[in-house]
Amino acid sequence: MPADPAVSAPAPAGRLPSTVVARLTAKKAARSGALWGYFFGICVASSALTYLSSYKTRAARENLVASFGSNTALAALFGPAHQLQTVAGFTAYKVLGFLSIVGAVWGLLAGTRLLRGEEDAGRWELLLAGQTTRRGAAAQALAGLGAGLATLFAVTALVTVVTGRSSKVHFAVGEAVFFALALVCSAAVFLAVGALASQLAATRRQAAAYGGYALGACYVLRMVADSGVGLDWLRWATPFGWVELLQPLTAPDWLPLLPTATLIVALAGATVHLAGTRDLGASVFPDRSSAPMRPQLLNGALGLAARLMRPTVVAWGAALAVTAFIFGFIAKPAGVALSGSNSINRVLSHLGAHGAGADAYLGIAFLMMSIMLVFVAAGQVTASRAEEAEGRLDHLLVRPLSRWSWLGARVLEATAVLAVGGLGVGVFAWLGAASGHAGLPFSSIVDAGLNMVPPALFVVGVGALVIGVWPRATSIATYGLIVWSILVTLVGGFSNNNHWLLDTSLFHQMAPAPASAPNWTAGGVMTAIGAAAAMVGAAAFRRRDLVGE
Amino acid sequence: MTDVVSAAERGKPQGGRTAIRTQGLSKRYGPVDALINLDLEVSKGEVVGYLGPNGAGKTTTIRLLLGLARPTAGRAEIFGIDCQRQPVEAHRRVAYVPGEASLWPSLTGAETLHLLGRVQGRVDAGYRDELIERFDLDASKKVRAYSKGNRQKVILIAGLMTRADLLLLDEPTAGLDPLMEQAFRHCIHEARERGQTVFLSSHILSEVEALCDRVGILRGGALVEMGTMAELRHLSALTVEATFDGPVPDLTGVEGVSSIETVGHVVRCQVRGSVEPLLQALAASGVHELLSHEPSLEELFLAHYGRRAETQGVTADAG
Ligand SMILES: Nc1ncnc2c1ncn2[C@@H]1O[C@H](COP(=O)(O)OP(=O)(O)OP(=O)(O)O)[C@@H](O)[C@H]1O
Ligand SMILES: [Mg+2]
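So the protein lines, in turn, are chains G and S.
Those letters in the first sequence? Residues 1 to 549, by this note's numbering.
Those letters in the second sequence? Residues 1001 to 1319, by this note's numbering.
If we strip away everything but chain G, and leave its shape as in the complex, we get (with noise of 0.2 Å):
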């Protein structure tokens, strides 16, 4: 490798050559921060001014904090609620608890594939040649994620600080900037568990699950926290609980900032550290590189997607089963402390229940738990184009394979996972109930499960679809179908849209059962529509070029 930089590659003239990945990372990552930035802003935005809409009396806010302020179900499922009675409170309320999961998680996948992702793409071993360390990579890689950080807190600092001057919300500068905080503060944390997991990890999804084990715990800690048996100090033990204790528009708190900044700091220290021990493309824990034939799965395209989804659908569904149960084990406490509640039930009428009590209260788990299922079916999708994408599939379709086959293949496989999944959180919810005394019906809770596979169906008919003609459209165009139906969601479960705009969410078309009846003919509809979205797109898939990224 050329020492003297004179005779080294040309580099664009007034550029230091040796910032390569610093820059590199950071436009990635400040592209990606820039987008979801939108998406907490807009979070904020809807929920005060849902929040001014729909409840305008004091009578209604108060009736809000009777049921919501002290309900320690809810607390464990979304965060403690404070000050329910003003815009400030609602708002801290509605989108802290949810944001800190989804920064959590944007900022495990954006850490692990800007790091471990890049460098086993191999972009880094031909953008270093030799000019820095690894350690200068793995720093330079960290100052790209903090450029990434750094503009997803400016742009939904900006949305609330907007937001807070509309003279009804009032939000003041400082507060709206400090909530904005507390809205980055779990994306900080866990880009650094990303980092750091990309140094410990063989590979990028290797990474990415050692991340999601952290993450789950974390979560699960907080929900421990929040559940009202005692345990309040464990509030301290996790980021999601640091940020909760931030408590924004509040009651401001300063001092979490404190353990959040150490571990962030603690994290990108190793990350550097644990990068100059180790060889390019290598891995701390190493990955086993001999493995024993299994072919029983092996012998065709359904086979193949089986044996490929098999690691990301078992952790999928671990996931789900253990959400499913312990939904279903606070049944009964839960719509104990929901039995009554005007506002609730009024959240449950928006979204088309009408029911009460444990029902009413897993109406609401499920919906959650559909979330999660149409994220499987978006990664079942995204899977089956980077199959494409990357080049792989040209070895199957060169050989006596249709594409009519493999894009089948790849629908029935995530087909049966996603029916599966549906079925299995109906069990284990049932079971949970089970186990909690809540005597809830076997029958109408495994209804509740499998309702929530025709939205993931659509999701998956829609993906075939965009990969039939518009390839390279398909990661934005499923999630963003995804997204687009949360936040339609949110907004409507707490206020009197319209129809027309409700109707475009995917979970507006789910009965939210078992609070109410699944409504098996939208559900056909749902999947019916999803089917021939599917066939459009293998008949589109069938006439074009493969291409790749």
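None of these hints come from the bench; they were simulated from the model.
Please note: incorrect hints may appear among the correct ones.
[As the list claims (entries may be wrong)] Straight-line alpha carbon distances no greater than 20 Å define the calculated EDC-like cross-link-like pairs of lysine to aspartate or glutamate that follow:
| no. | chain 1 | residue 1 | chain 2 | residue 2 |
| --- | --- | --- | --- | --- |
| 1 | S | Lys1148 | G | Glu125 |
| 2 | S | Lys1148 | S | Glu1133 |
| 3 | S | Lys1148 | S | Glu1171 |
| 4 | S | Lys1148 | G | Asp120 |
| 5 | G | Lys332 | G | Asp447 |
| 6 | S | Lys1141 | S | Glu1130 |
| 7 | S | Lys1148 | G | Asp394 |
| 8 | S | Lys1141 | G | Asp120 |
| 9 | G | Lys28 | G | Glu390 |
| 10 | S | Lys1044 | S | Glu1077 |
| 11 | S | Lys1148 | G | Glu390 |
| 12 | S | Lys1044 | S | Glu1190 |
| 13 | S | Lys1044 | S | Asp1165 |
| 14 | S | Lys1044 | S | Asp1082 |
| 15 | G | Lys168 | G | Glu62 |
[What the hints assert, rightly or not] Estimated spans, in silico, between C-beta atoms of each pair:
| no. | chain 1 | residue 1 | chain 2 | residue 2 | range |
| --- | --- | --- | --- | --- | --- |
| 16 | S | Gly1175 | G | Ala237 | 48 to 54 Å |
| 17 | G | Ala34 | S | Arg1194 | 56 to 62 Å |
| 18 | S | Gly1256 | G | Arg544 | 18 to 24 Å |
All C-beta atoms, glycine included, are put in the ideal place defined by N, C-alpha and C.
Here the structure of chain G is known, so what remains is to put chain S with the ligands in place on it, guided by the hints.
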């Protein structure tokens, strides 16, 4: 030398059935004409080399033949089967080896070969094991842990093990060490003995020269030359070096002679077409020693590449 002669004899399409036929095959990517009006005919049992500078359209041709891309115009057949309309039927008789293999990182080499064999539906298991041995591949390793060359071996073995009637090879030896390159050539010789047809795109000219009966040269999406090695040589210049006892004669103006260099008593020049006029001119001046050599494929190829700049304005009407 003998190789080349036999190649010349074998090279011409001999009226038998064709393996590959394209008519007016064209592909356009936005403003780029990747392939322009390609008319190509390869007979069964032929080994054809396909050369051209980067971006000439070699990969595009092969992807069109495989139906991975759709032509903008024209059509292509493999053994009389339309590549676009009946890809599955066509693929039963084809094996494809790309120059860069992105495989499933979590599968081992053996699992990958098993999978691709099952999808192909036809594998010579004995030959597969022999190939694994010959290419010295540790098939129990995961693809993720392979070096580039080892990944290439997997995909090469996957292609060869089917003993397909037609091998479409796109820089198949990219990343292989010289020993493995040797093993590859051995396999292609075997394939030819068995009557398989081979279509080999490559940048390794010695490989093409050693293996191929006919060679096509592609430039800017258009086929500029196609013929046996002997035919191509005929089109190109012969290098002649003459040493004189006495004074060196002036060869300028002699028919077909160009690029004359004189160093002391030695003259070096290029001859195109008949050598008669040059020999007559030399005979008159008392030649002490006369050397000539046919251009290697590399020289032919460089001559073609070199003309790129000169003929840039002319290539438009070639297509
Ligand atoms: N998917 C694509 N989209 C746009 N342009 C393309 C695409 N594939 C190829 N091209 C263009 O078509 C032309 C021919 O490319 P092709 O890959 O066939 O060249 P090649 O002869 O195989 O080159 P190399 O020797 O580098 O492999 C190039 O100009 C290339 O940029
Ligand atoms: Mg190529």
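- Task: Given the hint of 18 to 24 Å, check if Gly1256 of chain S and Arg544 of chain G actually sit that far apart at their C-beta atoms.
- Result: violated, 52 Å
query: Under the criterion that the straight-line Cα-Cα distance not exceed 20 Å, is the pair Lys1141 of chain S, Glu1130 of chain S satisfied?
result: holds, 18 Å
Regarding the pair Lys1044 of chain S and Glu1190 of chain S, is the alpha-carbon distance no greater than 20 Å? Since the Cα atoms of Lys1044 of chain S and Glu1190 of chain S sit roughly 15 Å apart, the hinted pair holds (cutoff 20 Å).
Check: Does the structure keep Lys1141 of chain S and Asp120 of chain G at a Cα separation of 20 Å or less?
Finding: holds, 17 Å
* Take a look at whether the Cβ-Cβ distance between Ala34 of chain G and Arg1194 of chain S falls inside 56 to 62 Å. => holds, 59 Å
Query raised in the report: Is the Cα-Cα distance between Lys1044 of chain S and Asp1165 of chain S 20 Å or less?
Result: holds, 8 Å
(Q) Checking one constraint from the list: CA of Lys1148 of chain S to CA of Glu125 of chain G, max 20 Å. Satisfied? (A) With a Cα-Cα distance of about 14 Å, the restraint between Lys1148 of chain S and Glu125 of chain G holds, given a limit of 20 Å.
Has the given pair, Lys1148 of chain S with Asp120 of chain G, been kept, meaning a C-alpha gap of at most 20 Å?
Answer holds: Lys1148 of chain S to Asp120 of chain G is near 13 Å, not above 20 Å.
inquiry  = Run the distance test for Lys1148 of chain S versus Asp394 of chain G: straight-line Cα separation, threshold 20 Å.
reply    = holds, 18 Å
* If you draw a straight line from the CA of Lys1148 of chain S to the CA of Glu390 of chain G, is it 20 Å or shorter? -> holds, 16 Å
>> Given the hinted pair Lys1044 of chain S and Glu1077 of chain S, is their Cα-Cα distance within 20 Å?
In response: The hint holds at about 13 Å.
Lys168 of chain G and Glu62 of chain G were given as a pair; does the straight-line alpha-carbon distance stay at or below 20 Å? holds, 18 Å
Hint 18 from the list above is the single one not met by this structure.
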